[in-house]
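Asker: Could you build the full structure based on these sequences and the hints that come with them?
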Amino acid sequence: MGRTLAEKVYDAHVVRQAEGEPDLLYIDLHLVHEVTSPQAFDGLRMAGRLVRRPDLTIATEDHNVPTTDLLAPIADPVSRVQIETLRKNCAEFGIRLHPMGDAGQGIVHVIGPQLGLTQPGMTVVCGDSHTSTHGAFGALAFGIGTSEVEHVLATQSLPQIRPKTMAITVENTLPYGVTAKDLILAIIARIGTGGGQGHIVEYRGEAIRALSMEGRMTVCNMSIEAGARAGMIAPDETTFAYLEGRPHAPSGAEWEAAKEHWLSLRTDDDATFDREIVIDAAELTPFVTWGTNPGQGVPLAAAVPDPAEFADPAARSAAERALEYMGLTAGTRLRDVAVDTVFVGSCTNGRIEDLRAAADVVKGRRVADGVRMLVVPGSMKVKKQAEQEGLKEVFSAAGAEWREAGCSMCLGMNPDQLKPGERSASTSNRNFEGRQGKGGRTHLVSPAVAAATAVTGRLTAPADL
Amino acid sequence: MEAFTVHTGRAVPLRRSNVDTDQIIPAVWLKQVSRTGFEKGLFAAWREDPSFVLNDPAYAGASILVAGPDFGTGSSREHAVWALQQYGFRAVVAARFGDIFRNNATKMGLLPIQLPEADVERMQGKIEADPAKEFTVDLDRRELRCDDGGVLSFEIDDYTRWRLLEGLDDIGLTLRHADAIASFEQGRSSWLPVTA
Numbered sequence: 001m002g003r004t005l006a007e008k009v010y011d012a013h014v015v016r017q018a019e020g021e022p023d024l025l026y027i028d029l030h031l032v033h034e035v036t037s038p039q040a041f042d043g044l045r046m047a048g049r050l051v052r053r054p055d056l057t058i059a060t061e062d063h064n065v066p067t068t069d070l071l072a073p074i075a076d077p078v079s080r081v082q083i084e085t086l087r088k089n090c091a092e093f094g095i096r097l098h099p100m101g102d103a104g105q106g107i108v109h110v111i112g113p114q115l116g117l118t119q120p121g122m123t124v125v126c127g128d129s130h131t132s133t134h135g136a137f138g139a140l141a142f143g144i145g146t147s148e149v150e151h152v153l154a155t156q157s158l159p160q161i162r163p164k165t166m167a168i169t170v171e172n173t174l175p176y177g178v179t180a181k182d183l184i185l186a187i188i189a190r191i192g193t194g195g196g197q198g199h200i201v202e203y204r205g206e207a208i209r210a211l212s213m214e215g216r217m218t219v220c221n222m223s224i225e226a227g228a229r230a231g232m233i234a235p236d237e238t239t240f241a242y243l244e245g246r247p248h249a250p251s252g253a254e255w256e257a258a259k260e261h262w263l264s265l266r267t268d269d270d271a272t273f274d275r276e277i278v279i280d281a282a283e284l285t286p287f288v289t290w291g292t293n294p295g296q297g298v299p300l301a302a303a304v305p306d307p308a309e310f311a312d313p314a315a316r317s318a319a320e321r322a323l324e325y326m327g328l329t330a331g332t333r334l335r336d337v338a339v340d341t342v343f344v345g346s347c348t349n350g351r352i353e354d355l356r357a358a359a360d361v362v363k364g365r366r367v368a369d370g371v372r373m374l375v376v377p378g379s380m381k382v383k384k385q386a387e388q389e390g391l392k393e394v395f396s397a398a399g400a401e402w403r404e405a406g407c408s409m410c411l412g413m414n415p416d417q418l419k420p421g422e423r424s425a426s427t428s429n430r431n432f433e434g435r436q437g438k439g440g441r442t443h444l445v446s447p448a449v450a451a452a453t454a455v456t457g458r459l460t461a462p463a464d465l
Numbered sequence: 001m002e003a004f005t006v007h008t009g010r011a012v013p014l015r016r017s018n019v020d021t022d023q024i025i026p027a028v029w030l031k032q033v034s035r036t037g038f039e040k041g042l043f044a045a046w047r048e049d050p051s052f053v054l055n056d057p058a059y060a061g062a063s064i065l066v067a068g069p070d071f072g073t074g075s076s077r078e079h080a081v082w083a084l085q086q087y088g089f090r091a092v093v094a095a096r097f098g099d100i101f102r103n104n105a106t107k108m109g110l111l112p113i114q115l116p117e118a119d120v121e122r123m124q125g126k127i128e129a130d131p132a133k134e135f136t137v138d139l140d141r142r143e144l145r146c147d148d149g150g151v152l153s154f155e156i157d158d159y160t161r162w163r164l165l166e167g168l169d170d171i172g173l174t175l176r177h178a179d180a181i182a183s184f185e186q187g188r189s190s191w192l193p194v195t196a
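Just so you know, the protein sequences line up as chains B and Z, in that order. Position 185, counted from 1, in the first sequence is what UniProt numbering calls 185; the numbers after and before it change by one each time, with no gaps. Position 125, counted from 1, in the second sequence is what UniProt numbering calls 125; the numbers after and before it change by one each time, with no gaps.
What the hints contain is simulated information worked out from the structure, not anything from laboratory work. One should not assume that every hint holds.
Unchecked claim - Straight-line Cα separation of at most 30 angstroms, BS3-like style, residue types lysine-lysine; simulated pairs:
1. B:Lys-259 x B:Lys-164
2. Z:Lys-40 x B:Lys-88
3. B:Lys-88 x B:Lys-381
4. Z:Lys-40 x B:Lys-438
5. Z:Lys-31 x B:Lys-381
6. Z:Lys-31 x B:Lys-88
7. Z:Lys-133 x B:Lys-438
8. B:Lys-363 x B:Lys-381
Unchecked claim - Not everything, but these chain Z residues come out facing chain B in the computed CB check (under 10 angstroms):
9. Val-33
10. Thr-73
11. Trp-191
To be verified - Footprint (simulated), chain B over chain Z, 3 or more residues, beta carbon under 8 angstroms:
12. 152-161
13. 167-176
Ideal Cβ positions, reconstructed from N, Cα and C, are used throughout, including at glycine.
Answerer: As structure tokens, this is what we get:
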């Protein structure tokens, strides 16, 4: 009987298997950031333990970093202490760190792939739920809590119960102007925020194969918003072309050996999944969320739904609550919803291709009066590349703010936040209540829709301009 | 980790679905580098509303949270578990949990109890009718008992149950297999990247 991609990668990392116990899984790469690690390092110190494999561990500063003046000390003393704590811990335990201002600094899920550290067939973990991003390379990558961060630091392994598998096959091709972000928002709306619970999702099909690595990362990134443990895409020539020549990618004979192995990382024809979903890409249009969880989304051309139309009582009351929080009325056309903030960035859509897509739309246009548009590259390297391509000038000429790299307004742990009642079109991943700032209202969109929205001040697709 | 065997206490109904970890503890609270003091951040935004259920004096001191489906979705922040525990909760009952939240809870000794949605709603109704009602969570017997005689069985895998009953530290358990980890490391492919 054949095996799925997820099963192949999982099986290849089992250190120990015993009846009635979880499997012990080896971890190839552990990504660390300042927010979910301090208590884990404290735990090591209290138990007198060391980091087993600092050479398989890498740290960056991303959640708290300001995106304006990198030379000034962090104004918020609590944020500053958290950053300083990471620096002390990395120095003490011998972990390589990309601090603020470093050319390699950036959002943890942007720098792993960028450095070539994320490779097909690996196991990757991080104390961050969007670790699922790395599954775009055919790696098994998932988010963990601080207790598990401490466990991986100490043992380079994790006890795991074998997850179930789920296939999401996206047939046909995405229409012009419909992006990876629209696709994943449509998938989450279809299966719900709990739809993937307990499963590793494998995205397959013609539309997935046609996506760039950036697009694949956007899709896998939001697997967690459908409740999935991880998202994966089988590696192919697109993957290899992205990886080749990156600082940590193998080279020469090693590259050939690795590639031969990577080509075996695909679901066997006779393998079966615990659950299968089929989506027709040709039917999709630009998508936007109207509520307070990522499953509450509809096509941009639609209207705000009426809670009374939800059959499930829990979904109905959630919709009622969401409309109240969002200040929206059922039946309002989403194209008539005005925003005051546009955020382009995050581990979902902060890569070079995302910035290019947004720049394409604002080029030669102006951000509408009364709207502020923040463009926050996912890493310092993305920022540099964008500047070399002239994107900074495009954004600045349009009246957008060009910032330093970090998580920024995706979760507002730094000063980039919405004020109560403010409404954003955001390329990030979560429209939860207060996610972008207390009382803030978030509509999740693609970079192209975000940019078009900045131009008109209302939720807008580029085709509407 | 604190062991969990049997716990008796009052419960509080949280009739909301999709309670994500950003609601359980907003990001601004995650800047702390200590492991304590998170109870102040529990449901921080919702607690500003005087009509929020945790502000109802009838439920003061309750130690079992009975929530809507998909509790603990979203961010991996273990601070959500710490906040619930430090506020005084020992168990959370829901029809579905976010995977990472459930994992984090069992690492810390906060018991996630998964029950069918209809049972959860019935339980919420019972609590609302009489907030003084006491419930007993018996992990050994995998039972949730109400003081009116009602008994609900819940599932939890044997290994997690054993670890919770004994209050065992996962790292200590894994380190018993340090030799197996070392021998696995010998067989890793030479092309795999190192960060150094």
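Asker: Failing hints, ascending?
Answerer: Of the numbered hints, just 7 does not hold.
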